[in-house]
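S.K.: The listed protein sequences correspond, in order, to chains Y and L. Letter by letter, the first sequence follows residues 245 to 683 in this note's numbering. Letter by letter, the second sequence follows residues 245 to 683 in this note's numbering.
No wet-lab data here; the hints were simulated from the structure. Keep in mind it's a predicted model, so treat the numbers as computed, not measured. Among these hints, one or two may not hold up.
Note: identical chains are not told apart, hence a pair may lie in one copy or across any two.
[Unchecked claim] Derived DSS-like pairs: lysine-lysine, alpha-carbon spacing no greater than 27 Å straight-line:
#1 Lys436 with Lys500
#2 Lys673 with Lys282
#3 Lys680 with Lys276
#4 Lys559 with Lys248
Protein chains: 2
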Amino acid sequence: MTDKKLITPRKLQGFWELMPNEEIIFEDILDKIKNVFKINCFLPLDTPIVEYSDILLAKSGGDLDKEIYRFNKGDNDICLRYDLTVPLARFASMNYNVLDFPFKRFQIGKVYRGERPQKGRFREFYQCDADIIGESLPLTYDAECIKLYEPCFKALGLEVEVEISNRKILAGFFESLGLTDKTIELMVIVDKADKLSKVDFISLLKSSGLNEEQIESLLKILNAKGNFTDIIQKVKNITDNTTYQEGLSELATIEKRLQAMRMRDDTYCYNLAIVRGHNYYTGTVFEVYIKNKRNLGAIGGGGRYDNLCGNFIDKQVQGVGMSIGITRLFDILKSENMVNLQTSSVKVGIITFDEESLSYGLNLMIQLRENNIKADILSEEKSFKAKMKEANRKQIPYVIICGEDEVNSNTYALKNMETSEQVSLTLSKIIDMLIKNNE
Amino acid sequence: MTDKKLITPRKLQGFWELMPNEEIIFEDILDKIKNVFKINCFLPLDTPIVEYSDILLAKSGGDLDKEIYRFNKGDNDICLRYDLTVPLARFASMNYNVLDFPFKRFQIGKVYRGERPQKGRFREFYQCDADIIGESLPLTYDAECIKLYEPCFKALGLEVEVEISNRKILAGFFESLGLTDKTIELMVIVDKADKLSKVDFISLLKSSGLNEEQIESLLKILNAKGNFTDIIQKVKNITDNTTYQEGLSELATIEKRLQAMRMRDDTYCYNLAIVRGHNYYTGTVFEVYIKNKRNLGAIGGGGRYDNLCGNFIDKQVQGVGMSIGITRLFDILKSENMVNLQTSSVKVGIITFDEESLSYGLNLMIQLRENNIKADILSEEKSFKAKMKEANRKQIPYVIICGEDEVNSNTYALKNMETSEQVSLTLSKIIDMLIKNNE
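Just need the whole structure built from these sequences, with the hints factored in.
M.R.: So this is what it looks like as C-alpha cells:
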C-alpha cells in the first residue's frame, strides 16, 4: 500500500489476552462471581494499578524486587501492583477513620509479576479476592470465607471441595519441640511436601532439626485428613502445647459455623498438611479444588492474617480472605471442554437487499434491540448467498429476510437456521416469538 | 504498637479510586453500558495494560512521549497504554486473518497519561469505546455508532443529544481555497474556537492565510447548526468542491439511516463546527451531550477513521467508533446529585445474641443469600444497642432479630427500619416477603 516501514504487531509475552469468543465466557464468569460477592454483602473496590514503590514493597524483603515491574516517572518511584492485598492495606490505612469495620470488600483486577512466562504462569493476570477486615474478627468470618466458595463455584456450574487447616496447629507443634525460630523454614518445607519425594522431604526436616520420633509425630499431623471428628481423634493428644490446642479449638468453632451455614459435608474436609505459601497467614488456612478434580490443583485459597496495616498505621487490623485463581480456572475450564466457545454473539441476522429494504431492516433491528434481542444487519454490501454464509459461519440461530414481498406486506420472513423452517410474521409476532426464545 | 518506622499510606496523585459506595454506582453504570453494547452485538475485548513502546508510539509524533508512562523491564521497552484505539489496531493486525470483518468490539478499561492532574483530568482513568472495523464499511455503521449513545444514556436514566458533522466538509472547503496543506492547522483552530474570543479566532484564521471573505464563508459553515434540511439549505452552495459535496452527501446518508433507526429528532442535530481533536478522523465526526446540559461539556464523541492498521500491516482497515467519557460522566452525575450514594449494600441485618442464636441466624443468613437477598450478621460481638446503631448507620432497610423466643418458636422477628413495624414470621414467609421487596 505504502513504502512505509511497518512495525510487526506483537504482544508482550505472558500477558493475558483472549479472543472475543473466549472473552465473552471469561467476563460471564467474572460477572457471576461478582454477583455472588455482592449477595454476600461484599463491597467492590478498584484501586490503581500503579502504586508508590515504597508502599508496595513495604512488606516484602528484597526478594520480590526482581519480579516487580518498577519504574520512575518524573520524581516518582512507582510499581505495577503484584497483588490486591497490599493495595487493600494501603486503602484501609488511608481510610481507617471513615471505613465501617468489619469492612467486607471484593476486588477483581489485573496484577503483574515479571516471572518467566510458562504454561499456566502469566506476567499479567487477574486476581479475584474477597476479604473481611476489622479490629477484631470472630471466627464466623473465617467460616464465611470458606463457605463463599460454594455459591461462587455453583454459579459456574461447578462443585467445590475445600480443605481446611489452621497454622497454629503446626506452629504450636514446632513450638512444643523448641523449634519456634525455625517455624517459617519448616512451614515452607511442609508447603513444598507435595513436590518432594518422601526421602527428600524427611531429609529436609532432619536438617531443620527434627529427630525421627518428631518426624513421625509431624507425619501423623500432616496425614490427618477427613471430617472434623476423624482428624481431632487422630491429633488431639500429640501435644498439649497451648498454641496447638488453640488451633484445634479454632477448627472446632469453624466446624460449628460451617454446619450452621449449611455447608454440605461432602464439600469440605480438614487437611492439616495445608499451610499456604504466604507467611502472613496466622490462623485458619484453606485451599479449594474442583470436586473430584483434585489432580487439577488448587483453584484458590486463603486464610486469616493479622496486622494487615502494620506497615502504614499504628492500628491493629486483622483480616480473613479468600481468593479464586480466575485465570487458572478459566484455563482449566477451557482445556477440560467445560466452556461453550461456540455461542454466537448475534441472535438474529437481518438480510436486506436495497435502500428501501435496508431502511426496513434497520427499523426492525432497532426494535429488536430495544427488546433486548441481539439483532444485527448482515454485511449490507454482500450478496444474499454471502449473507447466508455469514449467518452460518457466525452460528446465528435466526435470520430475518427483508425482501420486496416482505416490505410490501409489512411482514418479515423469519428463518430458523437450525431447522431451516421459514415463517412470515408481523413485527409484534416476531418480537413475541424471539423474546420467548431469548435466554 | 511497635517502634517500627511506618510508611505514610498514600496514593499517586491523579489516580482514580472511589470509595465503595461510589464504586457500587460506578460499576453499575459500567454494567449497564456493557449490556447495551452486547445487545448491539459488540464483542468484548480486554487487551494488556502494558504494550511494547514502538507499538504504542507508532502513530504519534514525539509529542505524546512526555505524557506517556514508559519504562524498561529486562530488555523490553514498554509503556502503559494511553488509549484503547492503538491496542485495537495492534490486536486487529495480529489477528487479521482470523477475525470476522466487520468486527464490532467494545472495550472498557483504564488508560494512563502523565498529564498534570487537575479537576476533571486524571492520570489513570477509564475509557469506554465501541468500534466497528472492516475492510470497507458502509455509512450505516457510522449511524449505528451515533444511535448507540441513545440506549447507553437511556440505561443510565439520561437523555442524549448528539451533534454530528463530517470532516470532509471543512477539508473540502479549505481545499477549494487552495489551503489543502493548511487543513490540519485550520482544523485545530476550528476545534479550539470554543475556547477563543472571536477576535483571537479570526486573527488566527487570518494568519493561516484566510481573507475576510473566506472567513465569512467559513463562519457560515461553522454556524450551521440544526436539523438536516436547515443546515443543507444554509451551506450547500458555498462551494462545489468534490470533497465538500461528498461530505454533505455522506451526511444525507447518515440522516436517512438515523431516521430508519428510529433516532428521535430531538436527540440529535448537525453542527458543522464539530471537528474533534484527533486528526485521524477522516469523515463522520460527532460529539455527545446530556440533553439540556450542553454547558457540562461533551461526554463523549467519535467518528470515522481510515487505515487503522497502517502502521502494522499492509492492509486497509477502516473503522468508526464511539466513546463515552465514563470517568467524566460519573463525576458530573455525582456533582449534579444524580446518583444515590446512600443505598445500603445490605438488605437484611441479622441480630444474634449467643451461640445458639448465632447458629440460628447464620442458617437464616445463608438461606436468604441463596434467594439472592443481601443478608449479613450484624457485628456478632457487639451489644444489641450497638447492632441497631450499626443497622441505622448502614441504612439497612430490614433487621431480623433471633432472640430466645424466636429460636424456641422457630420464627424470626422482622423489623422494618423505616416504619419500625415488627412482625414475627416463619422462614418461608420471611423469604417470600423479602423476595417481593427485592429490587
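S.K.: Which earlier hints can't be squared with this structure?
M.R.: Violated: hint 1 alone.
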